[in-house]
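Residue numbers (UniProt numbering), protein chains in the order written: chain A, 1 to 118; chain B, 1 to 502; chain C, 1 to 137.
Quick caveat, the hints were computed from the structure, so don't treat them as lab data.
Just so you know, not all the hints are guaranteed correct.
Residues of chain A clear of chain C, computed beta-carbon distances all greater than 10 Å [claimed, not checked]:
#1 G10
#2 M12
#3 A14
#4 A15
#5 Y18
#6 S24
#7 I41
#8 N60
#9 I72
#10 L78
#11 V82
#12 I92
#13 V93
#14 L102
#15 D109
#16 N111
No more than 30 Å apart at the CA atoms, straight line, and that leaves these computed lysine-lysine pairs for DSS-like [said to hold, decoys possible]:
#17 B/K293 / B/K196
#18 A/K104 / B/K368
#19 B/K368 / B/K443
#20 A/K96 / C/K100
Since we're looking at a predicted model, the values are computed, not measured.
We treat Cβ as the ideally placed atom computed from N, Cα and C, and that holds for glycine.
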Amino acid sequence: MELLLILLLGIMYAAGVYLILRRSMIKLLLGIMMMGNGTNILIFVMGSITKGKPPVINTNHNIFQDIYADPIPQALILTAIVISFALSAFAIVLLKRAYALLQKDDLDDLNTPEEEDI
Amino acid sequence: MIDNHILAAIFVHLITAILQLIAWRKTITQRYLSVGGTFLALIVAIRLFEKVYTDGTLTLNASNWEAPFGIVFVADLLAVTLVLLTSIAGFAVSIFSTTGLSRQRMMYGYFPIFHFLLMGLIGAFLTGDIFNLYVWFEVIIISSFVLMTLGGRKAQLEGAIKYMALNILASMFFLTGIGILYGITGSLNMADLAFKIQAVKNQTLIGITSIFFILGFGIKSAVFPLYYWLPSSYHTPPSAVAATFGGLLTKVGIYAMLRVFSLIFIPDDFTKQLLLVIAVLTILTGALGALVKTNVRRLFSYLIVCHIGFMVGGLAMFTKIALMGTIFYLIHDIMVKTNMFLIAGVIRQLRGSMDLAKLGGIYGEYPKISLLIAIVLFSLVGIPPLSGFWPKIFLFQEAFGQGQYIYVAALIVGSLVTLYVIAQMWSEVFWKNAPDPSVLENKFEPMPLFKKILLILPVAILAGASLYIGLYAEGVVQVADRISNELIDTTPYIEAVLGPKR
Amino acid sequence: MRSTILQTATRYLLPILLLFSVFLLLRGHYFPGGGFVGGLVASIAFVLHSFANGAEASMKIMRRKPLSLIPIGLGLAVLSVIIPTFFGYPPMTGLWLEEKFPVIGSVGTALFFDIGVYLVVLGVVLTILFTISLTQD
Numbered sequence: 001m002e003l004l005l006i007l008l009l010g011i012m013y014a015a016g017v018y019l020i021l022r023r024s025m026i027k028l029l030l031g032i033m034m035m036g037n038g039t040n041i042l043i044f045v046m047g048s049i050t051k052g053k054p055p056v057i058n059t060n061h062n063i064f065q066d067i068y069a070d071p072i073p074q075a076l077i078l079t080a081i082v083i084s085f086a087l088s089a090f091a092i093v094l095l096k097r098a099y100a101l102l103q104k105d106d107l108d109d110l111n112t113p114e115e116e117d118i
Numbered sequence: 001m002i003d004n005h006i007l008a009a010i011f012v013h014l015i016t017a018i019l020q021l022i023a024w025r026k027t028i029t030q031r032y033l034s035v036g037g038t039f040l041a042l043i044v045a046i047r048l049f050e051k052v053y054t055d056g057t058l059t060l061n062a063s064n065w066e067a068p069f070g071i072v073f074v075a076d077l078l079a080v081t082l083v084l085l086t087s088i089a090g091f092a093v094s095i096f097s098t099t100g101l102s103r104q105r106m107m108y109g110y111f112p113i114f115h116f117l118l119m120g121l122i123g124a125f126l127t128g129d130i131f132n133l134y135v136w137f138e139v140i141i142i143s144s145f146v147l148m149t150l151g152g153r154k155a156q157l158e159g160a161i162k163y164m165a166l167n168i169l170a171s172m173f174f175l176t177g178i179g180i181l182y183g184i185t186g187s188l189n190m191a192d193l194a195f196k197i198q199a200v201k202n203q204t205l206i207g208i209t210s211i212f213f214i215l216g217f218g219i220k221s222a223v224f225p226l227y228y229w230l231p232s233s234y235h236t237p238p239s240a241v242a243a244t245f246g247g248l249l250t251k252v253g254i255y256a257m258l259r260v261f262s263l264i265f266i267p268d269d270f271t272k273q274l275l276l277v278i279a280v281l282t283i284l285t286g287a288l289g290a291l292v293k294t295n296v297r298r299l300f301s302y303l304i305v306c307h308i309g310f311m312v313g314g315l316a317m318f319t320k321i322a323l324m325g326t327i328f329y330l331i332h333d334i335m336v337k338t339n340m341f342l343i344a345g346v347i348r349q350l351r352g353s354m355d356l357a358k359l360g361g362i363y364g365e366y367p368k369i370s371l372l373i374a375i376v377l378f379s380l381v382g383i384p385p386l387s388g389f390w391p392k393i394f395l396f397q398e399a400f401g402q403g404q405y406i407y408v409a410a411l412i413v414g415s416l417v418t419l420y421v422i423a424q425m426w427s428e429v430f431w432k433n434a435p436d437p438s439v440l441e442n443k444f445e446p447m448p449l450f451k452k453i454l455l456i457l458p459v460a461i462l463a464g465a466s467l468y469i470g471l472y473a474e475g476v477v478q479v480a481d482r483i484s485n486e487l488i489d490t491t492p493y494i495e496a497v498l499g500p501k502r
Numbered sequence: 001m002r003s004t005i006l007q008t009a010t011r012y013l014l015p016i017l018l019l020f021s022v023f024l025l026l027r028g029h030y031f032p033g034g035g036f037v038g039g040l041v042a043s044i045a046f047v048l049h050s051f052a053n054g055a056e057a058s059m060k061i062m063r064r065k066p067l068s069l070i071p072i073g074l075g076l077a078v079l080s081v082i083i084p085t086f087f088g089y090p091p092m093t094g095l096w097l098e099e100k101f102p103v104i105g106s107v108g109t110a111l112f113f114d115i116g117v118y119l120v121v122l123g124v125v126l127t128i129l130f131t132i133s134l135t136q137d
């Protein structure tokens, strides 16, 4: 299970880097989102996965006796997901506006000389 | 010592933002709220600074969870100094925004987002938890994205895409670093990490993790190979926004580096060498960029990059005097850089342009304003009694002492280029004969006196702060001295967070 | 493209999804769920409605602008964060009423924080959605 996740993580990072290095704005966005999800899986793997052992104390115990899942990585991933949700929502709106203005999907065309700055 | 009032400044900004959201589209109410809110935050920040200066580090366990488990907020002297400076800069920018910004931008929610940005900055300075630092960073960058695109001109959107892509990448590096760090140590509290890092056997892994943090904070603070987003985006938003960005955003990166590399990853020789090389190249490339630009704000953008190198160099040497230089420079830089972009806004109001070729004759028409601006420019260059001069003495002294002659040379080149660029700008903008009046678009002259004061007052406030830093350097040196002591010997910080039992 | 099947289904799904989102919101403190997920489910209900009937129709059934939910939600969250400081606890400490309410369960500051998050998420998602789908330039 862990090995599978680590492979997935590597693929997601590689695909993310590849997409970011393309020229298209949409691929840039997809790459960023993919790398963000890769990072979330990294935190998940780093928190050492235990199967079927939630961090819940039985009613008749007052301490953890078994191996249990670390709850913090889940909290971290949840926070990271919320943040990346906000970021990608903003990025989609931004790229849509930029595309409406430029009519091009090429990052190399983002250098129109500015007539006058404000 | 535990204190509930650490977060007061954050709540002041948050509540101001909420009230402004309720007063959506009522721009006049929003303006009053903004000036009132930043003023209140300034008072709160001054009180917090006084308290920490006399009583020492204060902490606050959010949600009443004990220190290594919950999120802890730590107000040590470095943090509260930066909170104070942020509040001063925020107050000035807020006054400037009331007139220096088009009404259309205010309609789209400039003020609430501005307050969210200030809240994020203060939170980032005060937190003692590394993941919480990441969250505050995200609050900062999301607000800055919105501020940067507000208005939606073509150049702004183009700048914003570059800014967005690289800043998201930076937070991703930062988050990856945090993930690995948590995997190694199982802790997120920075004071707790300081212990657990030392106990880790595989120190090479720690070194590699620290590279993630250098990359993440390096993009944020715009150091050499990672700064290209800054000059290609900072000249696009309105001046009030650029002032907040130029004065404060890159400095959060420097703050995070100072915090993380003094507390968690104590720099070894390799890291020091790496940071020093980065610093030298940042100074040189920033200076070269500033030499060739003919637009006031593009020029200032490169000067930001150049001066970031000074501070990174001080961190790289990592001795008490070098850190004093860095911290003094940080204090000076926040005040001056914010003011520089406000001045660019004033110039734009006076002449309707920011291109050096189209400017001129401001000294002849407005001698008093020009003299005020001259104080700021001299502070930036570092003419002896003014604020830019003192930190460089410390940096020079330490660099000579350690025999880092390349860094010394870079410092000299950086200072001279700053002098040259500013002198050139002064002669082009203020002394040169005014261009043909038909191309001028003077928005300043027809304004009522009240609005004129609102434009000039923030520049005067920040110039006053710079003068204070320069002329009462003794007091600032004492603060910098205590901060650098706390950075070198982190035991008081750790004891304040985790209790004295360890 | 309007599909009658989707429109009819949405008429029944919208209230069920909204009810489910409130259920998720209320059970969130001890079980999977919470303000964020609840808010997302509620906004998905409106997204579905706007798929079936168009964004203008969804705007109409919202009655007021989704943007106005954000300050209300933020205000609730801030209040629930600040209230513990009046009792001498650090901000964000969970304070709970001892009596349990029927249906809702125990009531405390954390619940109001969750409701705040719910409203903010709903407001933000719908604002973004309407911004994207109503600008046709």
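Hint numbers contradicted by this structure: Violated: hints 10, 11, 12, 13, 17, 18 and 20.
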